[in-house]
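Colleague: Residues per chain are reported as follows:
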Amino acid sequence: MSQVNQEITQEISEEREARAVVYNFLSSLFAKEVTSDLVVQLTSAQGQSFLNSLALEPSLTGSIDGIKAKFATLNNEESLLELAADFCGLFLVDGRTSVSPYAGQYVNAKPSENQSEESGSRKKKDRVEIFGELHQKVTEFLTDSKLQVHSDFPEPGDHIAVILAYIAHLCVTAETKEQLNFIKCYLMTWLSDFTQKVNEHDHGLFYCYVADLTLAWLKVDTEFFPNNSRATN
Amino acid sequence: MKEIVMKRRNFLKGILATSFTLASTASVLTPLTALAKVGATKRDDWLTTGSHFGAFKIKRKNGVIDQVKPFDLDKYPTDMINGVKGLVYNPSRIRYPMVRLDFLLKGHKSDTSQRGDFRFVRMTWDQALTLFKQSLDEVQTNYGPSGLHAGQTGWRATGQLHSSTSHMQRAVAMHGNFVKKIGDYSTGAGQTILPYVLGSTEVYAQGTSWPLILDNAKTIILWANDPYKNLQVGWNAETHESYEYLAQLKEKVKLGKIRVISIDPVASKTQDYLGCEKIYVNPQTDVALMLAIAYELYSNNLHDQKFIDGYSLGFDRFVPYLTGESDGIAKTPEWAEKITSVPVDVIKDLAKTMVADRTQFLMGWCIQRQQHGEQPYWMAAVLATMVGQIGLPGGGISYGHHYSSIGVPSSGAAAPGAFPRNLDEGQKPIFDSKDFKGASSTIPVARWIDAILEPGKVIDANGAKVTYPDIKMMIFSGNNPWNHHQDRNRMKEAFHKLECVVSIDINWTATCRFSDIVLPACTTMERNDIDIYGSYANRGLLAMQKMVEPLFDSLSDYEIFTRFARILGKEKEYTRGMTELDWLKKLYSECKTANDGKFVMPEFEQFWQDGYVHFGEGKPWTRHADFRDDPEINPLGTPSGLIEIFSRKIERYQYDDCKGHPTWMEKSERSHGGPGSDKHPIWMQSCHPDKRLHSQMCESKEYRQTYTVQDREPVYLNPEDAKKRGIKSGDVVRVFNDRGQLLAGAVVSKNFPKGVIRIHEGAWYGPVGDDGSITGGAKVGALCSYGDPNTLTQDIGSSKLAQACSAYTCLVDYEKFRGKLPQVTSFQGPLEIGA
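For the protein sequence lines, the chains are A and B, in the order given. So the first sequence is numbered by the numbering used here: it starts at 1 and just counts up by one. So the second sequence is numbered by the numbering used here: it starts at 1001 and just counts up by one.
In case anyone wonders, no lab produced these hints; they're calculated from the structure. Accuracy of the hints is not assured; some may be wrong.
As the list claims (entries may be wrong) - Per the computed footprint, the stretches of chain A lying under chain B, defined by three or more beta-carbons under 8 Å from a beta-carbon of chain B, are:
no., segment
1, 12-19
2, 89-102
3, 137-150
4, 162-170
5, 184-190
6, 211-217
For each residue, glycine too, the CB sits at the ideal point set by N, CA and C.
Generate the whole structure from the sequences, applying the supplied hints.
Modeller: In structure tokens form, the structure reads like this:
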């Protein structure tokens, strides 16, 4: 390979890695409650550097600032417990003031490449049980990639944390077309709906910032994909 | 374009340059293991299991339950089979152990008035069980055993090994002693009075075989009984064999070979199915009707004096009451007509019919679930005695033919044993005190709210005095008192006084929402077990094969309490050193030994592979036949050994609400001209549901959608009453009285007479604030958004004898709901109080 080609390959590889880091970060925030370990990590120099580098993108600045401000207050057990209660009430139970983290509760089982978000979303009346077809679909993707959901995370495959983590994996292993297809079919079809609900129900605001950040990042990330003139709604 | 690309590249490089990485353990994904690769396709064949709703075969796809079909031997599966998948995969599942935040922070000094509507945090099992243990320590130390009530039970899930009640009580007994209960909500009054009258509880016992009834009876009296509805569910794995006999009965009715007379205010499902005769009676007045029939028999000398003389005691002390000699009121058909609305000639005709030929009485249970519920059961036994056919095939009286295959001939096989509920011989709890501080260690099952609100109060109960303990902590395992107990608003008041409430359940029931520590148990589909099928008939043994691993972080009850026992340092004592599989093999092999020489049972491995072992056909049998044959050699369990029409024992108690013989007594509230009917004219019947087992399966959203009206529990209304109120089917109705209010969905039906409405019990409680908002749902008086009838019922004991559940003594009124319709809040986890 020529020097130039090697450099290009190196750069593309770095871009992919960077994207994977962000997707994994977002996944971790939806996977479980904020722990004191995570607070230490994100308030460290490295962590702050990471957040600041994300905040350089204007559409992400607001959310990042919100997250940083929140982390600055998480310096005792009680504040962590209050945030844990927010997380629990939003994502660990089902109800009118909670927000389902499962794709299958928002979209139909067989989203196609060209399916718009509107036609893909499920009417409220049709909401199905969990571990449904979308869980099956995502699990098949994981299996094909020789992956599975960790036993420490006993959740369905269509949990947003799983989907985000899988996208992180695709970032470094798959062609952009494949990445875009998965993102469109398994995340973009419901993320707006999800984010809107989080904004309605999260009084603590932290998860509003996280959901907003996720939606904004998806827009920023997929903007540059080839054959994707309209990456999002 | 190039500039934008460069900008993006630099942006991404900047992120990477920070070298920020999360710990490797943070990812939710992991490399695929060999086991997982194989697991997806392995064992996707048909597996067997059972439940209260039926026995099934289930197939999985990629480790998720996919198809459900009835067990081969179930020829009459209920359509509840459509709700089975939803039992496992419904979003109301409790996913992780959780603790109410305020309780975590302040322990037994938490703000209990916010229970029911507050914030929870997730815990690990160790953390949650440790907190549980610490609360037990605190209560035993500060209050002793009278401070802890862990005795309530419910219908649990089927299986001989995994019993939510047994596991919890055995484990908690290793920690300390606690208050227990006597009786149950199903047959509280009936099971207390019948031992005095017929010598056994009668309600939970095998009855005369259906083939004998079908061959010999000429008249069947279905009194307040809807077997076609109630036989859909059973105590053990239900294989619905009774329906075969109901089908035969239907044929006989059609051919005019058997008269079936259903005495019921409502036109029931059974009436519709059989096409049988119906007699309307005013709600709660059945005893008056029975007395009038007895009067008619006696005054025309139609009663069987010989049978009365040879097999009963006290008729001569009952007659003066019947004739009016003792109280000045002759219990004539004319007297009864005024109370019951049953015409005189119908009463007289009924009396003649009962003695014309062989007559079988089949009593339902709801008739005793009211104030003075002991009386209709007692008086029905007296009637049957006067008819004189007790102990004859197709004659006599049964109190259970609508329940769990009673009447299906028993195979005679020995059933398997169960996991022990109590401590083993020689074991002692850590807190060994048995000092209940002068309070009773056992209280009537339905009086626990009274006990919390009035500790120290002394009441009469079944001939004894009960002193209410001062309860500070309660544990509910697989039972849902926020479904089956009465008067929700009174319950809220009582719960404020409890320092700690622990619930172990599968779904976020209202009971869990009013708890401090909530522990997730898994469903029957997520564990291995064995059970009998055919319930009282014991037709065979069923392998209950685990379909899927417990969802989320739920565990089997056995695993939950093994871990709890471990924290106590008593794991080996609890488990006897055995795994789940060891226990199953032990229970199976003991059953095999007990059946040796009579019933062939293969080795366990073969049984497990086959999925079941069938015990074969049973022999027809007549209840009370041996008593009739020789009452001296085969006496009843009453003090005299005879049927006690007059009970000297009860007379000695001197209870004003349960006397020495059956008595008609006015109710505290009664429709159709009775007390309270001027203010609230409608009687609310809250009988067992058609589409659930009590509150089980209400959580299955898909199945619920087959019967809800505007997402709410149906309320069945009489057409005239509804029209008067401007209500039509599909409207939302507010039902209310001085005790509470609820919203339900109107179904106008001519099956329901004037002055009567029905709302099935088991409707999940979902309180909301006055203006429909979610805040204030915890307030006393809050509107139930879904339609739980126990928001309106009365929390009084049936009488001083049984002190049993009296849900059917309940008057209400209703109107079309005109406010802003609140959303249903019942099927979700805890709600956050608005910031």
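Colleague: State for each hint whether it applies.
Modeller: Now for the hints, and whether the structure bears them out:
1. 12-19: holds (count 5)
2. 89-102: The restraint on the segment 89-102 of chain A holds, since 9 of its residues have a Cβ under 8 Å from chain B and three suffice.
3. 137-150: holds (count 9)
4. 162-170: holds (count 4)
5. 184-190: Our answer is that it is violated, as 0 residues pass the Cβ test (under 8 Å) against chain B, missing three.
6. 211-217: Contact hint for the segment 211-217 of chain A vs chain B: violated, 0 residues under 8 Å.
When each numbered hint is compared with the structure, violations occur for hints 5, 6.
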